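> Sequence:
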Amino acid sequence: MSDPRPIGVFDSGVGGLTVLSEIRDRLPYEHTIYFGDTARVPYGVRDLTEVRWFAFEIIRYLIGLEVKLVVIACNTATAAALMAAQRTFDVPIVGVIEPGARAAVEETRNRSVGVLATEGTVASGAYKRAVHNLDAGIEVHEQAAPRFVPLIERGVVDGPELERVARGYLRPFAQRQVDAVVLGCTHYPLISATINRILGPEVRLISSAGQTALEVGRILSRRGYLRRPKNAEDEGHSAYICSADPKEFAALGSRFLEEKIEAAVPAAVI
17 MSDPRPIGVF
27 DSGVGGLTVL
37 SEIRDRLPYE
47 HTIYFGDTAR
57 VPYGVRDLTE
67 VRWFAFEIIR
77 YLIGLEVKLV
87 VIACNTATAA
97 ALMAAQRTFD
107 VPIVGVIEPG
117 ARAAVEETRN
127 RSVGVLATEG
137 TVASGAYKRA
147 VHNLDAGIEV
157 HEQAAPRFVP
167 LIERGVVDGP
177 ELERVARGYL
187 RPFAQRQVDA
197 VVLGCTHYPL
207 ISATINRILG
217 PEVRLISSAG
227 QTALEVGRIL
237 SRRGYLRRPK
247 NAEDEGHSAY
257 ICSADPKEFA
267 ALGSRFLEEK
277 IEAAVPAAVI
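Just so you know, we're using the working numbering here: the sequence shown kicks off at 17 and counts up by one.
Hints in this document: simulated from the structure, not taken from any laboratory.
What you are looking at is a predicted structure, and each value in this text was computed from that prediction instead of being measured.
Ideal Cβ positions, reconstructed from N, Cα and C, are used throughout, including at glycine.
Do not take every clue at face value.
Cβ pair distances, simulated, as ranges [said to hold, decoys possible]:
no. : residue 1 : residue 2 : range
1   : 183       : 125       : 22 to 30 Å
2   : 66        : 172       : 47 to 55 Å
3   : 141       : 245       : 37 to 45 Å
Each computed EDC-like pair below joins lysine to aspartate or glutamate, with the alpha-carbon atoms no more than 16 Å apart [said to hold, decoys possible]:
no. : residue 1 : residue 2
4   : 263       : 251
5   : 144       : 122
6   : 144       : 155
7   : 276       : 264
8   : 263       : 275
9   : 246       : 19
10  : 246       : 261
11  : 263       : 169
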């Protein structure tokens, strides 16, 4: 049996495209709908109650488009809304924090993990709880990086300005002998080259995107929700929706996905 309904993925902006890309790589026959809430980016500086409200609005919108599963491809929104959303809505809902924490526990050798995230995610303590639920003996050092998302949303993913900001945020990790750093915002893989260069090769960078995509695949398989292609060429297609300027979203999204986004239609959600 084949389930042709799309997977819904949302984030505050373009950062969740890193998660979408992994889902498409691992589940190439699935249709997807991506929602970027570009009118209200960034989420990380907002109150978590407000972010939960935003997340519920978008989840309801995606359910109205008949998605079979929703991925909250935003760490702040995952921290703010995942548990409440899973209790409220009938569709499966997947977040990005648990997969990232699990990978960090597996990767650290000296049992000292760093989490680079937004202010909202750090304030929630969600990563520390997730890591300690798996292994209470691991030290977790969280660092808020509020300037990263605005830079990335402007298209600044390298160069001296980013380097200067990143060095300030990453310095505490070196002082604490961290050997694994979770990129605790789905925007941050877009600047991983700069982060990796500053931290050095002995520190493992962990993006939850790949682990989240694997979790999506497991849930779809378990529930019998996978789309069965008619043939090898019958790949899934992606639709892109945003809450602000569609041309700006399409231009930036095309750059990060390294493919042309044909249309990003403003949504009547907010």
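> Hint by hint, say whether it matches the structure.
Status of the hints after comparison with the structure:
1. 183 to 125: 22 to 30 Å: Holds - the Cβ-Cβ distance for residue 183 and residue 125, about 24 Å, lies within 22 to 30 Å.
2. 66 to 172: 47 to 55 Å: This hint is violated: roughly 26 Å between Cβ atoms.
3. 141 to 245: 37 to 45 Å: Taking Cβ atoms as reference, residue 141 and residue 245 lie about 42 Å apart, which means the hint holds.
4. 263 to 251: violated, 26 Å
5. 144 to 122: Given pair residue 144, residue 122 holds - Cα atoms ~15 Å apart, limit 16 Å.
6. 144 to 155: Within the cut-off at roughly 9 Å; holds.
7. 276 to 264: Holds, at about 13 Å.
8. 263 to 275: The given pair, whose Cα atoms are some 15 Å apart, holds under the 16 Å limit.
9. 246 to 19: holds, 12 Å
10. 246 to 261: violated, 36 Å
11. 263 to 169: holds, 13 Å
Checked against the numbered hints above, the structure breaks hints 2, 4, 10 and satisfies the rest.
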